[in-house]
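Novice: Chain by chain, the residues:
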Amino acid sequence: MSKIEINNVYKIFGKNPKSVLPMVKDGATKEDILDQTGHTVGLDNVSLKIEEGETFVCMGLSGSGKSTLIRHLNRLIDPTDGDILIEGTNVMSLNKESLIDFRRHKMSMVFQRFGLFPHKTVIQNVGYGLEMQGKSEEERNKTSMEKIEAVGLTGFENQYPNQLSGGMQQRVGLARALATDTDIMLMDEAFSALDPLIRSDMQKQLMDLQAELKKTIVFITHDLDESLRLGDHIGILNAGKLVQVGTPVDIVMNPADEYVEAFVKDVNRAKVIKAKVIMTPVNEANGIDKSNMIKIEEDQFIEEFLPQIVCTNSNCEVVDKQGNTKGYISNKELQSSLLKS
Amino acid sequence: MDFFNKIPVMDRTALRELKKGIDSSFKEFSRAYGDGIEGFFDPLLHFLIWLEKLLVSSPWPIVIGVFGLLAWIGSRSIKLVIGTIVCFLVIGYFGMWKNCMATVAIISVSTLVCIVVGIPIGVLMSKSDRAEKTILPVLDMMQTIPSFVYLIPIIMLLGIGKVPGLLAVCIYALPPVVRLTNLGIREVDKETLEASEAFGATPMQKLKSVQIPLSLPTIFAGVNQTIMMALAMVVIASMIGVKGLGVPILQAISNQYLALGMMNGLAIVALAIIFDRVTQQYGQRIQKHRGQKK
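Protein sequence lines, in the order shown, are assigned to chains A and B. Numbering follows the numbering used here, in which position 272 of the first sequence is assigned residue number 272; successive positions increment by one, without gaps. Plus 1000 on top of the position in the second sequence (first one is 1) and you've got the numbering used here.
Hint data in this document are derived by calculation from the structure and do not stem from the laboratory. The C-beta atom is built at its ideal place from N, Cα and C for all residues, glycine as well. Any given hint could be a false lead.
[Stated by the list, open to error] In silico DSS-like cross-links for lysine-lysine, where the CA-CA straight-line distance does not exceed 25 angstroms:
| hint | chain 1 | residue 1 | chain 2 | residue 2 |
| --- | --- | --- | --- | --- |
| 1 | A | K15 | B | K1190 |
| 2 | B | K1127 | A | K96 |
| 3 | B | K1206 | A | K96 |
| 4 | A | K106 | B | K1190 |
| 5 | B | K1127 | A | K15 |
| 6 | A | K142 | B | K1206 |
| 7 | A | K106 | B | K1208 |
| 8 | A | K321 | A | K276 |
| 9 | A | K96 | B | K1190 |
| 10 | A | K15 | B | K1133 |
| 11 | A | K295 | A | K326 |
| 12 | A | K96 | B | K1006 |
[Unchecked claim] Short derived list, chain A residues pointing at chain B, Cβ under 10 angstroms:
| hint | residue |
| --- | --- |
| 13 | S108 |
| 14 | F114 |
| 15 | P281 |
| 16 | A285 |
| 17 | L338 |
[Said to hold, decoys possible] Listed next, the stretches of chain A that the computed footprint assigns to chain B, with coverage defined by at least 3 CB atoms under 8 angstroms from CB atoms of chain B:
| hint | segment |
| --- | --- |
| 18 | 96 to 106 |
| 19 | 121 to 134 |
Construct all of the structure, not just a fragment, from the sequences and the given hints.
Specialist: Written as structure tokens, this is what we have:
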């Protein structure tokens, strides 16, 4: 059972979404529907599965429906049609009380513009989810302090959000989401409003935290580099349709259509592709010149061993952690893997 | 041709009958329910009388001291505290102390009533578009209908005295606090609300922990406006038997006493400025740490 399962979800915005649904199901385009009925298609037959403990990045340009999609998971937005299963429970079947309970204990969320409460101090902000869970103030403050420490904001707990910089505010947002200790974390363009240096800092911090906590993270972004860096799997949305789901390497090496191709065209492939992806396995490697070899590990990215190869003009022998030879990469193979197709 | 020159008019006798009918049915209504309605407002009346007595019978230095203290609590400004004390001393010196206290009492009580009634109505309006659509025209009417017009049914119903006066002041002064409560809650940042919902806040928790605190500065601007409008009603309220600074002004109008009118008028202005500055400064102070609104 997947942690999160989205089945044939449609979302149509407008006065009478249900009436337009058959048209959308028949495959009318977004533009036609807007022209003929004045309704906007937000999501068009989206189905996907997210496994426990993985970071799933949902990527698309603005207006592609990615923020709409993430809000379906905790039902801040209700779908026009389709099912959403979290740990096998259909969230569409929850009544008001169970939905509130579900939001308190199953999911937390980080927002693009932080969504902090300006009238509460940092520690009160971080403790908000716990307050909703009905925890005592003492317990709240204890947990909150731990999370404030985890995101590196110790000493700021009695400040108000607007006394902090953008990056620090988003750390508060992150701490608030961590405090409730939910299995699933939704991050809606969480780092998009931050400047590049702080963004990369925060990405690093998230990866470190994730390595330890192993939460199921659904991350929304419009930044391809960010999604390649964070995602175990990436889903690409275009005009409300999910056009491709795959690992970062899948997306870069085998873009499903022109839209994805345009997206990945400027990607620095050396940053994304690992040695093991492009190597020729040992048993298939014939006639490779073994006189001039450099040993590299299978999990290294191309950019890490590229300089050595360029300097020495040698071929690579790919080994695993124990030092066993797994395969070879010839100069030519390396070259072709870096070339834009 | 005749049709274009003369607007169609209802038959005279029919019109007279209609008016008579409305009048007599309202009279019957007030005969039947007047006492009951008056009884309903009894606690309010007692509170008003108690407050007025307290203000008048307490030693004046204590009263002025309390006003100074309130001004300090509200504004944290020494200048304003001194201004307040000087104003009340001058008002007392020119023999307007008693009237001034009566006015302060009715303003305080009517403001309190407006807050207690107005904020829940404002909250209701912010929650439901339909409620907003229904209540807005009523508020428009309350603000624009000449006060004398609604004095008529109030007097018919409750006679002359403090309670009808209080009611008239409240009708006039209620709209701003309702409007600005509604506006303040509707203006709360959408993402902040989403955050509250995403962490599982019930609608009531959302209201109490996020919407009301964040709209407090706007609500407070409404309270400030309500106080100002209540003060503006002082003279009209004195026409139906409310004691206070309005009474000498009425006398001054009918007898052409320039000095009397000016003095009492200026006393009202002084009260208005004190109330306005103190509440505004308080409103700004509670906005601290809130940061810039987008």
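Novice: Now look at each hint and say whether the structure bears it out.
Specialist: Now for the hints, and whether the structure bears them out:
no., hint, result
1, K15/A with K1190/B, "holds (21 angstroms)"
2, K1127/B with K96/A, "holds (17 angstroms)"
3, K1206/B with K96/A, "holds (15 angstroms)"
4, K106/A with K1190/B, "holds (22 angstroms)"
5, K1127/B with K15/A, "holds (20 angstroms)"
6, K142/A with K1206/B, "holds (24 angstroms)"
7, K106/A with K1208/B, "holds (23 angstroms)"
8, K321/A with K276/A, "holds (12 angstroms)"
9, K96/A with K1190/B, "holds (21 angstroms)"
10, K15/A with K1133/B, "holds (19 angstroms)"
11, K295/A with K326/A, "holds (11 angstroms)"
12, K96/A with K1006/B, "violated (62 angstroms)"
13, S108, "holds (7 angstroms)"
14, F114, "holds (8 angstroms)"
15, P281, "violated (47 angstroms)"
16, A285, "violated (52 angstroms)"
17, L338, "violated (41 angstroms)"
18, 96 to 106, "holds (count 6)"
19, 121 to 134, "holds (count 5)"
Of the numbered hints listed earlier, those contradicted by the structure are 12, 15, 16, 17.
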